[in-house]
Structures are given as structure tokens and as C-alpha cells.
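Just so you know, this note's numbering puts 299 at position 299 of the sequence shown, and the rest follows in order with no gaps.
Because the hints were derived from the structure by calculation, they are not lab data. The model shown is predicted, which means the values in this text are computed figures rather than measured ones. Every residue gets a Cβ at the ideal spot worked out from N, C-alpha and C, and that includes glycine. Just to be clear, a hint being listed does not mean it is correct.
As the list claims (entries may be wrong) - Beta-carbon label-pair distances, calculated as ranges:
| no. | residue 1 | residue 2 | range |
| --- | --- | --- | --- |
| 1 | Gln205 | Val329 | 46 to 52 Å |
| 2 | Gly64 | Ile379 | 39 to 45 Å |
| 3 | Ala114 | Arg373 | 24 to 30 Å |
| 4 | Thr387 | Gly64 | 50 to 56 Å |
To be verified - DSSO-like cross-link-like pairs, simulated, lysine-lysine; straight-line CA separation at most 27 Å:
| no. | residue 1 | residue 2 |
| --- | --- | --- |
| 5 | Lys224 | Lys167 |
| 6 | Lys269 | Lys285 |
| 7 | Lys285 | Lys185 |
| 8 | Lys213 | Lys374 |
| 9 | Lys285 | Lys134 |
| 10 | Lys167 | Lys213 |
| 11 | Lys374 | Lys224 |
| 12 | Lys185 | Lys167 |
| 13 | Lys285 | Lys167 |
| 14 | Lys213 | Lys224 |
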Amino acid sequence: MSTASPGRCPNCRKQARRVHSTYQRSLDERPLGSRRVIVRLRVRRYFCDRGSCSRTTFVEQVPGLSARYSRSSIGLAGWLRSIATELGGRPAARLCRRLRLTAGRTRLLRLLTAPVVPDRAPRVLGVDEFAFRKGCTYGTVLVDVEAGRVVDVLPDRTSETFAAWLKDHPGAEIICRDRATSYTKAVREAAPDALEVADRWHLLQNLSAAVEKTCHQHRNCLRKRAEEETVTEVPEPPPMLLPPVELPRTQIIERTRHRYEDIHRLLEKRWTISAIARRLNLDRKTVRRFRDTDLDELLASARDRRPNGVLEPFRAYLNARFTEAQGQVSGTRLFLEIQARGYRGSRQVVRKHLAALRAGTAEPVRADIPSPRKITSWIMRPRETLTESQDERLL
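Could you put the whole structure together from the sequences, leaning on the hints where they help?
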């Protein structure tokens, strides 16, 4: 039974004096352990004595416990709203069942309300695209950069939609965006006085791409340097009497070779970059790279992208044993030998490598140098965050 002082009318805010009636409400409360908790609450209905008020009667609410038209307590509703915000509909409903909370996906989604969009745009407006469904449907998210909160979400990423929003919500002095041409067109049309800047994430992404490209270009220099140091420190092993080494005909190498031939065949027919990209379903930057880069360099890059795998530390040993036995060695025996030395892969991988040695398609054992992506991560990170071994390898 509520024993609080008489409430105020929700319309005119006049404090009530007369009780109209009482009735009992049932509110679901947050569970206690594994037990469901139900609050039986008897509340009072009051008269509103102000003649000019349109409301005749109203029901009192217990602060912190009840709300109008709600069958859940304020605390339980806050729980459900937080779960729905993080997980959505069906996943949130599954979690609620595990937590002994009675809530279906429809009820959870009804708890989500769109924030109020301000009449004016924030001073620093962030603009970026996002995927409703990747590869199919995209939208635009608008963010108040200084407050760190979402301002609005647009249903698509076209310049017309964004320009209309800017006209309806003036006030943006700085617009932080990526390099999408549709957003540039909208800003020039609807907010020509706003200062356009590139956001920090895209600047770092462009810098990282430039560093990684440089690491790819100088990878042969790194390998040559590492091989020279290896030759000076380690005595040269006996030469291997193997067939001439050929580039392995892997899927990525064959795809690179065919793509290079297709692009240059269309270039000879004077096709444009955009037409070739549409014909081969490629990005225009990919077409330009295949146009401006030699085939040998492209094949070397494709070969470097192949993962070394668990066999890489043991390839030198396998090659030496294969040479000593003049190819007359059992794959099972070599598998057991490297397994005793720490190999954790399968026997089939060893057999494939021996078959490549007999056919002459095995890649030579290369110097142990880090990948361009790993070198890029060392360069891009603050120097003090690198471990001692990473700092030595970077130098």
C-alpha cells in the first residue's frame, strides 16, 4: 500500500486533496537469484480539483518503482532496455530467458526509442557510411565529434539525402568526413562555408597503407641483406642436387598471371580503366596496379602473401635430408624426425613438400624476415610499446 503524500496532476501539476478510489497493480521486478519477483502494489486514484484542467482523475506513481501503463518496475525496464540496446531482438530475448526475465523480442524492441534530433547541427559534425547489410544496403551516420554521440542516421549514402539534412539542420562549422565524393558534393551545395577535414582514422589508414606499400617495395632488399648476414654467420651447406626451381603453380599465382593477361589484352584494345574494372569486376585501383607493375613483381608479391605454415621452420632440414639421400627417403621417416624436433603439422603436408622437391616446384628456403604487414605494425606503433625483441627486429 502506497503511503506517500498525495501526488500532483500530470497535466496542471496541482497537488491532489481527494481520493477517488484505490486498486491493485502487479509489477514485475528484477529477479532475486533464480526466483521471479512480483510486486503487489495498491495505489490511489485522485481527483483533480482544478476546473480548467482537462483531466478529471489521475493515479499516483511510486518514485523509482512504477511508471504509467507499465507492468514492469523502472529498474527492470532499465535492465531490459540496456540488453535490447546491446543485443537487439532475438539475441536479447535468448539472454533474458537465461536470466529468468520475462521478455520477448517484440517487447524488447519497443523499449528502444530514437533519440531526439536537434534542430541545429553540432559545431563539429562527423560523417561516415556504414552497412545495414554489407555489399547491399548502406546508410550514413552523423556524429557530434565534440560530444562523442550519434546525432542522426540517414537511410542511404547519397549526396541528395545528406544535402537535404544539412539544409534542415544548419550550424555545422567543421565537417569531418572520409573522401567519399558524394559527401563532398553535399557539403559544397548545402554548407559551402563549413571547413572540411579528413578524420584521424582515415589519415592513419592512408599512412599505414603508404608504409606497407614501401615495405613491399623494399622486401627484396631486406631479404638480400638477411641472406648476406646468414652467409657470413653460418657455413654454406652442400649444394642440393635438385631439378631447376620453378615458381609453384598455386591458385593465387595462376590468378595473378591470368588477371595480368586479361587487363593488358583489354588495354591493347584501348579500353579505359573504368570499363576494364566493370568488365572484370575489379576495383579501379587494382586495374591501375596491374597496368603499372611488372608481372614478375606482381608474382613475387603474390608469392609473399602465401602463409608460411607450420612446415616453414623445418623446410631447411627436410631439403638437406632429401639431398643427402638423393631423393630416396621415406616421407614417413622424415615426418617422424621433424615431429621429434617439434613439428605439429600433418603427415600429408610433409609428403606434398617432398613431392614438390622431386618435381622441382618447391620454393627455396628463404631468410627469416618479417612480413610487410608486421613491419608496418612496428613502425605505426609508439616506440615505447614495442617489446625488446620487436625493437631489435625493427632496427
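Outcome of the hint check:
1. Gln205 / Val329: 46 to 52 Å: 49 Å, holds
2. Gly64 / Ile379: 39 to 45 Å: 54 Å, violated
3. Ala114 / Arg373: 24 to 30 Å: The hinted range 24 to 30 Å is violated for Ala114 and Arg373, with Cβ atoms some 40 Å apart.
4. Thr387 / Gly64: 50 to 56 Å: At 51 Å between Cβs, range holds.
5. Lys224 / Lys167: Since the Cα atoms of Lys224 and Lys167 sit roughly 59 Å apart, the hinted pair is violated (cutoff 27 Å).
6. Lys269 / Lys285: 20 Å, holds
7. Lys285 / Lys185: With a Cα-Cα distance of about 22 Å, the restraint between Lys285 and Lys185 holds, given a limit of 27 Å.
8. Lys213 / Lys374: At roughly 12 Å apart (the allowed maximum being 27 Å), Lys374 and Lys213 satisfy the hint.
9. Lys285 / Lys134: Measuring from Cα to Cα gives roughly 21 Å; hence the hint holds.
10. Lys167 / Lys213: Given that 27 Å is the threshold and the Cα spacing comes to 41 Å, the pair is violated.
11. Lys374 / Lys224: Holds - the C-alpha atoms of Lys224 and Lys374 are around 18 Å apart, at most 27 Å.
12. Lys185 / Lys167: 13 Å, holds
13. Lys285 / Lys167: Judged against 27 Å, a Cα distance of about 34 Å means the pair is violated.
14. Lys213 / Lys224: 18 Å, holds
Hint violations for this structure: numbers 2, 3, 5, 10, 13, all remaining hints satisfied.
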